[in-house]
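Residue numbers (full-length UniProt numbering), protein chains in the order written: chain A, 1 to 587; chain B, 1 to 511.
Just so you know, the hints here were simulated from the structure itself, not pulled from any lab data. Backbone N, C-alpha and C define an ideal beta-carbon position, used for all residues, glycine too. Worth double-checking, as some hints may not be accurate.
[As the list claims (entries may be wrong)] Simulated DEER-style distance windows between Cβ atoms:
no.: 1; chain 1: A; residue 1: Q582; chain 2: B; residue 2: E153; range: 26 to 34 Å
no.: 2; chain 1: A; residue 1: A135; chain 2: B; residue 2: H234; range: 29 to 37 Å
no.: 3; chain 1: B; residue 1: S214; chain 2: A; residue 2: E62; range: 30 to 38 Å
no.: 4; chain 1: A; residue 1: R132; chain 2: B; residue 2: L280; range: 38 to 46 Å
no.: 5; chain 1: B; residue 1: H234; chain 2: A; residue 2: L481; range: 54 to 62 Å
no.: 6; chain 1: B; residue 1: F19; chain 2: A; residue 2: D60; range: 54 to 62 Å
no.: 7; chain 1: A; residue 1: Q333; chain 2: B; residue 2: D279; range: 21 to 29 Å
no.: 8; chain 1: B; residue 1: P205; chain 2: A; residue 2: E62; range: 29 to 37 Å
no.: 9; chain 1: A; residue 1: R132; chain 2: B; residue 2: P12; range: 38 to 46 Å
no.: 10; chain 1: A; residue 1: E163; chain 2: B; residue 2: I323; range: 21 to 29 Å
no.: 11; chain 1: B; residue 1: S126; chain 2: A; residue 2: A135; range: 15 to 23 Å
The primary structure of each chain is shown beneath.
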Amino acid sequence: MSMVDEPLYPIAVLIDELKNDDIQLRLNSIRRLSTIARALGEERTRKELIPFLSENNDDDDEVLLAMAEELGVFIPYVGGVEHANVLLPPLETLCIVEETCVRDKAVESLCRIGSQMRESDLVDHFIPLVKRLAAGEWFTARVSACGLFHIVYPSAPDMLKTELRSIYNQLCQDDMPMVRRSAASNLGKFAATVEYAHLKTDIISIFEDLTQDDQDSVRLLAVEGCAALGKLLEAQDCVQHILPVIVNFSQDKSWRVRYMVANQLYELCEAVGPEPTRTDLVPAYVRLLRDNEAEVRIAAAGKVTKFCRILNPELSIQNILPCVKELSSDSSQHVRSALASVIMGMAPVLGKDATIEQLLPIFLSLLKDEFPDVRLNIISKLDQVNQVIGIDLLSQSLLPAIVELAEDRHWRVRLAIIEYIPLLASQLGVGFFDDKLGSLCMQWLQDKVYSIRDAAANNLKRLAEEFGPDWAMQHIIPQTLEMINNPHYLYRMTILRAISLLAPVLGPDITCSKLLPVVVNASKDRVPNIKFNVAKVLQSLMPIVDQSTVEKMIRPCLVELSEDPDVDVRFFANQALQAIDQVMMTS
Amino acid sequence: MNGGDEVVAGPPQPLEWKFSQVFGERTAGEEIQEVDIISAIEFDKTGDHLATGDRGGRVVLFERTDTKDVGGSRRDLERIDHAVSRHPEFRYKTEFQSHEPEFDYLKSLEIEEKINKIRWCQTANSALFLLSTNDKTIKFWKVQEKKIKKISEMNVDPSKAVTNGTIASSSSSNSHRTCLANGGSPERSPNSLSIDFSFPPGGIPSLHLPVVNSHETSLVARCRRVYAHAHDYHINSISNNSDGETFISADDLRVNLWNLEISNQSFNIIDVKPANMEDLTEVITSAEFHPTHCNLLAYSSSKGCIRLIDLRQSALLDSHAKIYEEPEQPGSKSFFTEIIASISDIKFGRDGRYILSRDYMTLKLWDINMDSGPVATFQVHEYLRPKLCDLYENDSIFDKFECCLSGDGLRVATGSYSNLFRVFGCVPGSTEATTLEASKNPMRKQVQTPSRPSRSLSSITRVVRRGAEAPAVDANGNSFDSTMKLLHLAWHPSENSIACAAANSLYMYYA
Numbered sequence: 001m002s003m004v005d006e007p008l009y010p011i012a013v014l015i016d017e018l019k020n021d022d023i024q025l026r027l028n029s030i031r032r033l034s035t036i037a038r039a040l041g042e043e044r045t046r047k048e049l050i051p052f053l054s055e056n057n058d059d060d061d062e063v064l065l066a067m068a069e070e071l072g073v074f075i076p077y078v079g080g081v082e083h084a085n086v087l088l089p090p091l092e093t094l095c096i097v098e099e100t101c102v103r104d105k106a107v108e109s110l111c112r113i114g115s116q117m118r119e120s121d122l123v124d125h126f127i128p129l130v131k132r133l134a135a136g137e138w139f140t141a142r143v144s145a146c147g148l149f150h151i152v153y154p155s156a157p158d159m160l161k162t163e164l165r166s167i168y169n170q171l172c173q174d175d176m177p178m179v180r181r182s183a184a185s186n187l188g189k190f191a192a193t194v195e196y197a198h199l200k201t202d203i204i205s206i207f208e209d210l211t212q213d214d215q216d217s218v219r220l221l222a223v224e225g226c227a228a229l230g231k232l233l234e235a236q237d238c239v240q241h242i243l244p245v246i247v248n249f250s251q252d253k254s255w256r257v258r259y260m261v262a263n264q265l266y267e268l269c270e271a272v273g274p275e276p277t278r279t280d281l282v283p284a285y286v287r288l289l290r291d292n293e294a295e296v297r298i299a300a301a302g303k304v305t306k307f308c309r310i311l312n313p314e315l316s317i318q319n320i321l322p323c324v325k326e327l328s329s330d331s332s333q334h335v336r337s338a339l340a341s342v343i344m345g346m347a348p349v350l351g352k353d354a355t356i357e358q359l360l361p362i363f364l365s366l367l368k369d370e371f372p373d374v375r376l377n378i379i380s381k382l383d384q385v386n387q388v389i390g391i392d393l394l395s396q397s398l399l400p401a402i403v404e405l406a407e408d409r410h411w412r413v414r415l416a417i418i419e420y421i422p423l424l425a426s427q428l429g430v431g432f433f434d435d436k437l438g439s440l441c442m443q444w445l446q447d448k449v450y451s452i453r454d455a456a457a458n459n460l461k462r463l464a465e466e467f468g469p470d471w472a473m474q475h476i477i478p479q480t481l482e483m484i485n486n487p488h489y490l491y492r493m494t495i496l497r498a499i500s501l502l503a504p505v506l507g508p509d510i511t512c513s514k515l516l517p518v519v520v521n522a523s524k525d526r527v528p529n530i531k532f533n534v535a536k537v538l539q540s541l542m543p544i545v546d547q548s549t550v551e552k553m554i555r556p557c558l559v560e561l562s563e564d565p566d567v568d569v570r571f572f573a574n575q576a577l578q579a580i581d582q583v584m585m586t587s
Numbered sequence: 001m002n003g004g005d006e007v008v009a010g011p012p013q014p015l016e017w018k019f020s021q022v023f024g025e026r027t028a029g030e031e032i033q034e035v036d037i038i039s040a041i042e043f044d045k046t047g048d049h050l051a052t053g054d055r056g057g058r059v060v061l062f063e064r065t066d067t068k069d070v071g072g073s074r075r076d077l078e079r080i081d082h083a084v085s086r087h088p089e090f091r092y093k094t095e096f097q098s099h100e101p102e103f104d105y106l107k108s109l110e111i112e113e114k115i116n117k118i119r120w121c122q123t124a125n126s127a128l129f130l131l132s133t134n135d136k137t138i139k140f141w142k143v144q145e146k147k148i149k150k151i152s153e154m155n156v157d158p159s160k161a162v163t164n165g166t167i168a169s170s171s172s173s174n175s176h177r178t179c180l181a182n183g184g185s186p187e188r189s190p191n192s193l194s195i196d197f198s199f200p201p202g203g204i205p206s207l208h209l210p211v212v213n214s215h216e217t218s219l220v221a222r223c224r225r226v227y228a229h230a231h232d233y234h235i236n237s238i239s240n241n242s243d244g245e246t247f248i249s250a251d252d253l254r255v256n257l258w259n260l261e262i263s264n265q266s267f268n269i270i271d272v273k274p275a276n277m278e279d280l281t282e283v284i285t286s287a288e289f290h291p292t293h294c295n296l297l298a299y300s301s302s303k304g305c306i307r308l309i310d311l312r313q314s315a316l317l318d319s320h321a322k323i324y325e326e327p328e329q330p331g332s333k334s335f336f337t338e339i340i341a342s343i344s345d346i347k348f349g350r351d352g353r354y355i356l357s358r359d360y361m362t363l364k365l366w367d368i369n370m371d372s373g374p375v376a377t378f379q380v381h382e383y384l385r386p387k388l389c390d391l392y393e394n395d396s397i398f399d400k401f402e403c404c405l406s407g408d409g410l411r412v413a414t415g416s417y418s419n420l421f422r423v424f425g426c427v428p429g430s431t432e433a434t435t436l437e438a439s440k441n442p443m444r445k446q447v448q449t450p451s452r453p454s455r456s457l458s459s460i461t462r463v464v465r466r467g468a469e470a471p472a473v474d475a476n477g478n479s480f481d482s483t484m485k486l487l488h489l490a491w492h493p494s495e496n497s498i499a500c501a502a503a504n505s506l507y508m509y510y511a
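In isolation and in its complexed conformation, chain A is listed as follows (with noise of 0.2 Å):
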């Protein structure tokens, strides 16, 4: 045992912890490895530092991850680039290691120390790695291994490019499904490097393999090679190797293979480009879009927009659209929604005529739809539609769904409408909102539940935005603040949460004028919760009046509150006369 100077105690003990009992103060030390790594200087580091890590693997899981992550950073503290193979041992080990999430952050700083070291070094010390992970005896370093290959690539020799193009070819039919998933995912970022000469044969016959693997959790990630490795491709090379696999994959017995080429779409469009799109993946995602599986429905619906952008209006409207006319009345409606949030976007893509003649009767029977979330996903997109053929085709059926949805039973259906109110109101414009809009907004603010009323509050203050305080004193203020007289106190208070929320938008004449009075008279109320909420809604309005109007009223207000009975009352008052006093000192 030694003892060291002082100023290095923190630093002594920071080391020291690397080995303590208690794992938090284990991870905290190897979170600061870096420090440790410069107290010890860069050949200490080098020749002490890493070998320790390298031998001391036999930790926990969590502090495996932060080394690995560490680990990543770490070629300036061992001297450069010259010297990161150094760092290249206790990755390895920790590519090994059981916990998933362990090994994927070796592998990743592995990646990032690999794609700075010097070519030569590559070759020295990275490529005997990947091929030691690569022959690894237990699957994990193998799956580690899979992850590597794309950063020694390009650096290898000719010789050991075939060998590693051979090694990854056994890794995607090695006996355990998990080596399998890990090349298969990784086999497009693998691809992106070998030379096109060997991408149509080898690579293309490892992907072929894998599309064609027993495992179905194996073949969903080849559906993802498809997209990675068809934009690498030339196109001719594509229609021939790639597009046979989506077509095939989109017939796969497994449903969830089908879910994956629908979600994967637009992704697998663009590898193949747009005319053999028109031409073999229009059927293809018309069987999706009519799949026995309601999953693989949902994914296929979610994708109709994106889809007909790719194709021409006369082939949107000749294949999809009688596609998506039986979506609209699917069975599931989860269906009938990922539809709804989508199909909006459809009237720009097809353009005016055909919005109105093909897609309104669909819009308008989902916004007739029994489920509430179909016509929420209608009303949410308004905007996509208002610009191709305005809103008055749509206003007449509008009014009545957005009535129904005002007052669902459900309270996260009522809140999820309030959010969509400003837009309606912009979108529909002032006439319109006031005829038939501005009762449901008066409506929510005595609605049973707190968050609604919570959410009605804040409405009127984007209202208030959106259509200027003029229209607001005429359509809102009034009746708003009519309510403040409503026997319920939890009502009142809401009353004073929208004057708060008002007030900055309405400027501080109509607050002086209008809404500070109200405040004021709110204070003689019996509930001591209004009275301390009077006395935090002062406090928020005193920055809008003027230095005059706080003295005269908000000031003998709260020195009235600050002598109440109640201890709540008084604490807010003073609160809140601080606050006025603080302002003063700073003017």
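Since the structure of chain A is already known, use the hints to place chain B on it.
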């Protein structure tokens, strides 16, 4: 591996079972503690490990001792069938408390700690992984050897540090700050260390890393994940998928699919709950994944049928792919017919071609290519038929006996009362039907008269009905003991070795 070839050579000779080992043997007069009663047994895929779970929520691991020295890489080991002449011998490895008794406050329900099922997962490095479940919660365990560290050559004398402050005793995450403060540089905030402190370019020579010596190792079990709150009813089965990343859990009415890495969500894939619980006629009793096809899943019901479903067909698999059911025999219906038809356990054979099922009276072997009826039926409890009334009254009729197949698929086994278990040869033409007692002398109650196969009337298929005449225990006037039930047993995956649980004792036999 199963069936076909052996037919040519005739059925294999009946096995001569011998006692191998016993763990937790009861001494005469010793009373059994309820918590010690074994409630689950499972071999891992290699047969090198055995796990048992008990009613006290503990999991005990045993490891094979007779193959330990075999060299060669793991890949070789995966390939070779341990052709060791000696029979498997196990030793106690470790144990851990998997589940604790809990209380569900929302439902005012006590949750027992009893382990219902254990399943081994893919081994990685030297770490063992397993899933254990009680009625409600599944846990994923990692059991691993850890070095016992001895640290020397610290920078700071630990004994001094303790007197100085609270370094050693502190355990909170911010205690590091305390050390700093106590360590003589109170003016420095811990963050300033990395920013202000300028280290000389060559580092500080007086600092050194702690030296770690470790010679011994100890086994540590850590719970890696808890899969909870997904079951309204009691979990009866868990089963791993061949893809190595998913597993299912089944309760009375639902089957959920999980990813091993994700504990906060699962997908309901089977739901047999009727809209109105009064319409309930059937519950799920057991479920298992196909050993090699990732998309196939079999589950059994209280009505005595097995359904084989294909996960590829749909997300919610309410319609089954195939149903295996014995045609109802006219005229034989009684009050007990439905109760004794309930399947208590199903197991796939290792190649996935056959499914073994156990109901109260029989073991049945099904070929998944033939749904018209079982290929073989073995009478286990036929002698109890006159006693069904008594068994109903003391609830024994609801006992859930497990069943198992040998690794080569040539034999099947299941438990019975009086601590007996029975082994049948299931190759066509085999007459093997052995009754053994879970004791040091397993053949004590062996019936001497060779049993003859009695052909069933519908002998178009190779249907065999056997064993009805055994055991003679009852015929001899010895009353069977329905309190000594042997519910749980497991067959070694590659050798003729059976582990079975008699109350709190684990008996192992070989042949």
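For each hint, the structure was consulted:
1. A:Q582 <-> B:E153: 26 to 34 Å: violated, 58 Å
2. A:A135 <-> B:H234: 29 to 37 Å: violated, 46 Å
3. B:S214 <-> A:E62: 30 to 38 Å: Violated, at about 20 Å.
4. A:R132 <-> B:L280: 38 to 46 Å: violated, 58 Å
5. B:H234 <-> A:L481: 54 to 62 Å: holds, 59 Å
6. B:F19 <-> A:D60: 54 to 62 Å: violated, 42 Å
7. A:Q333 <-> B:D279: 21 to 29 Å: Check passed, 24 Å falls within 21 to 29 Å.
8. B:P205 <-> A:E62: 29 to 37 Å: holds, 32 Å
9. A:R132 <-> B:P12: 38 to 46 Å: Once the Cβ atoms are compared, 45 Å apart, the range 38 to 46 Å for P12 (chain B) and R132 (chain A) holds.
10. A:E163 <-> B:I323: 21 to 29 Å: Given a distance of about 52 Å, which is not inside 21 to 29 Å, the answer is violated.
11. B:S126 <-> A:A135: 15 to 23 Å: holds, 19 Å
In summary, the structure is inconsistent with hints 1, 2, 3, 4, 6 and 10 from the numbered list given earlier, while agreeing with the others.
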